[in-house]
Amino acid sequence: MPMHPLRLSAYTTLSALGRGKQATLGALHRERGGLRPCDFEDAELDTWIGRVEGVEEEPIRGELAPFDCRNNRLANLALHQDGFAERVATAVQRYGAQRIGVFVGTSTSGILATEQAYRTRDARTGRLPDSFVYQHTHNVFSAADFARRRLHLAGPTLAVSTACSSSAKVFATAYRHMQAGLCDAAVVGGVDSLCLTTLYGFKALGLLSHRLCQPWDGTRDGLNIGEAAGFALLEWAKPDDRGVALLGYGESSDAHHMSAVHPEGAGAQLAMQRALDKAGLRAEQVDYINLHGTATPANDVAEDRAVVRQFGTRPPCSSTKGWTGHTLGAAGITEAIISCMSIEQGLLPATLNTRTIDPRLSANLLLENRASPVAVVLSNSFGFGGNNCSLIFGNLRR
Amino acid sequence: MTTIYVRSVGMAAPGLLGWQAHLAVLRGAQAYRPQPLPSFHPALLPANERRRLSGTTKLALQAAQEAMDEVDVNATQICSVFASSGGDYDIIDKLCNALLLPERPVSPTHFHNSVHNAAAGYWTIGSACRQASTSLSAYDWSFSAGLLEAATIAQSEQAPVLLVAYDQPAPFPLSAARPLYAPFATALLLGPKSWPISLAKLQMSLTSQSSEDCLDDPELERLRQGNPAARSLPLLQAMAAGRARQISLPYVSDQQLLIQYAPCL
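Just so you know, the protein sequences line up as chains A and B, in that order. Here the first sequence is numbered in the numbering used here, starting from 1 and rising by one per residue. Here the second sequence is numbered in the numbering used here, starting from 1 and rising by one per residue.
Treat each hint with caution, since some may be false.
To be verified - Covered, in the sense of this in silico footprint (three residues per stretch, anywhere, with C-beta under 8 Å from a C-beta of chain A), are these stretches of chain B:
id, region
1, 81-89
2, 94-101
3, 111-119
4, 122-133
5, 168-176
6, 182-191
It should be emphasised that the hints constitute simulated quantities derived from the structure, not laboratory data. Cβ atoms here follow ideal geometry from the backbone N, Cα and C, with glycine treated the same way.
Next comes chain A alone, as it looks inside the complex (with noise of 0.2 Å):
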C-alpha cells in the first residue's frame, strides 16, 4: 500500500538565491545563482558563500527577542514570507494549535552565538557573557522552538539534526506522527546558517572549493557554503485536492565513516529504493532527480552510481548547490521547495557552474534550464555519518 500523500498547502524558501518563492523563481529563471566570494564576518577563507543578505540588520525583537541569532532570524524572515504565517493561522483555526506538529531539521543551529561568545569570554574568569542565552539560541531545539512560538502553534515538536539530511528527514518524522493521530497537520522546515565552524570545518576536511561548485564537473574539486530557511504546511492530500504532496521517503543509513560516503552509494541507493516503495511508484515513474549533488570528488561518483543503478540514464538530474551553495541542514528543504517548483512551473533548473561533465559519471545531467512538464520529482539529501533521505514529490493530479 503506497502512503497516503501529504499536501504542501504552503511553503516557502529563503536562500542566497532570494527570499520567497517569486524571487526564487525569478533567479531560477534567469539562471542567475545566489553564491559570492567569502565575505563572512572576519574568515579569511578563498571560497564561494550563499550568504543571504542582510540579516545581520534584522535582529528578533519583542517577546521572543531571547532566541535572536543568525540563524533563528534566518528562521524568522521566512516564516513572515509568502503569506506563510497567515496560512498556518488558517490551519490553526480548522486544527487547533495542539493538533499541529512542528519538525524542524539543522545542522549546527544557533552555534555562531557560541562562537561570538567565546571571543567576549572575561579575560580573567574565562566567563562567557551573560547576554549568551545558549537555550534558545545555540542548542539544536531552538530552530524549532522558535518555529513553534513564533506561529503559537503548541503540537509535537522536536528538531532533526542528522548534518545534510536534516530537513529532509522531517517530512519523514512529521508524517509518522500524524499517521500515529499525534497530530493531524505539521509545519516542517529546515534552517542552517553561515559560522565559522563549518566554514573551518569544511576547510579543515579539505572539502570547500576555491572557486564556484561545480557538481558532476570533470574539475569539480568541492562545495561552497551557504544559508536558508524554509518550511512547508502538511495536510493529508483529499480527493481533489489540487497541487503539490510528498509521495514516498526513504531513509538508511551507509554504516560506512563518519564523513566519507560509501564509494558505491548503497545507502544512497536503498533510500531512494525505499522512497520509491512508499510512493508505490517504479523507477520509471520518476521525471526529474535534484541530487544532492555537493560537487565534492567523491560524493558525486557515489551519487551517479546510485542514481544510475535505481534509475538508468534516462531521468534529468541536476544538482542546485551551485545556485545556493550546500545549505547544509537546510538543504533538504530547500531542494524539496525546489522540486515542488519544479512541478508547478515545469522548470528543470540547470546544474549551474558545471560545463564538462565527469565522463566518469553517467547520470543524465542538465547543464541548462529545461523548460518540461514534470509529475514526479525525488530529490535526494545525504550527511555526514551516512544519513540519508531521499523524498518523492509529485502533482496531485497527475
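With the hints as your guide, set chain B onto chain A.
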C-alpha cells in the same frame, strides 16, 4: 494512543551502570550510591575508530550496547533514534576554542564528530546497520520526543527500533550556560508487537492535564532534574518495579507524555 513493546533496556549513569545490575536500586530496595563512571571502550568498533570517539558518544554506545547484548536480535535490521538535548558539548568547546586561535585550526575529526548524529553514525557503522536512523533534540524534553519518534517508526515500519537517550555535562565555560548535573544514558529496544519475551507494554498519549512524575529519592530526583536523558527515570523505575501504573513525563509546551505501563510476563 500509540502502543509499543519494550524488549530490553540499557542504562549508564553514576551509580546506575547497567540496567540488570541496578534493578534493586531502581525499585528502591537498595540505596542509590552515585559512583563516577569508568571510561568506556565500545567493543563494536575497531580500535582505530574507537580512538576517535568522544566521551559523549561512548556513553551513548554503552547504553545501546547493553540493550542489544541482552537479546538475540539481528542488529543490522534495527532502526534507531538517538535523542540528546545538546549533543557533544566537549567537542563544541574544542571547536569554539580552536576558532579563537590564529589560522583557526579546527580538527577535521572534531568537526565530523560535532554533528548531532555522531553517536548514531558510529552506532550504525559499528553494527553494520543500514536502517533508518533519526537524531533529534527537544531540549529538556528530548527523552519524551525520542520515545514518540521511536514508537511512530516502529508502528509505521512494523519494525524494531532502538531508542538511545543521552546527555553528558558540558565543560566550562559552556557548563555555566547549560548546567547539567551528571552524565546519563539509557537505551530501550522497542517493537510494534509483543516480542517472544517482552519486558513491558507502553501505551502513550499526549495531554496537558497531568503533571510530571518526580522521584522519592532526593539524589535520584536530582539526577532526573539534572539531565534531560534522566527524565526517563520514572519509566525505568516503573519497569524495574514491574507493577502496572501510569507514568507522566514532561513534554514540550507544557504538555506531558502519559504512559500506561503494563509488565509483560
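We went through each hint and held it up to the structure:
Only residues whose beta carbon comes within less than 8 Å of a beta carbon in chain A count, and the region 81-89 of chain B has 3; three or more means the coverage holds. Check result for the region 94-101 of chain B against chain A: holds, 6 residues qualifying (beta carbon to beta carbon below 8 Å, three or more required). For the region 111-119 of chain B, the stated coverage by chain A holds: 8 residues have a C-beta nearer than 8 Å to a C-beta of that chain, and at least 3 were required. Only residues whose beta carbon comes within less than 8 Å of a beta carbon in chain A count, and the region 122-133 of chain B has 10; three or more means the coverage holds.
Restraint check on the region 168-176 of chain B versus chain A: 4 residues with Cβ-Cβ distances below 8 Å, three needed, restraint holds. A count of 0 residues in the region 182-191 of chain B with a Cβ less than 8 Å from any Cβ of chain A is obtained; the coverage claim is therefore unmet, three being the minimum.
Violated hint: 6 only; the structure is consistent with all others.
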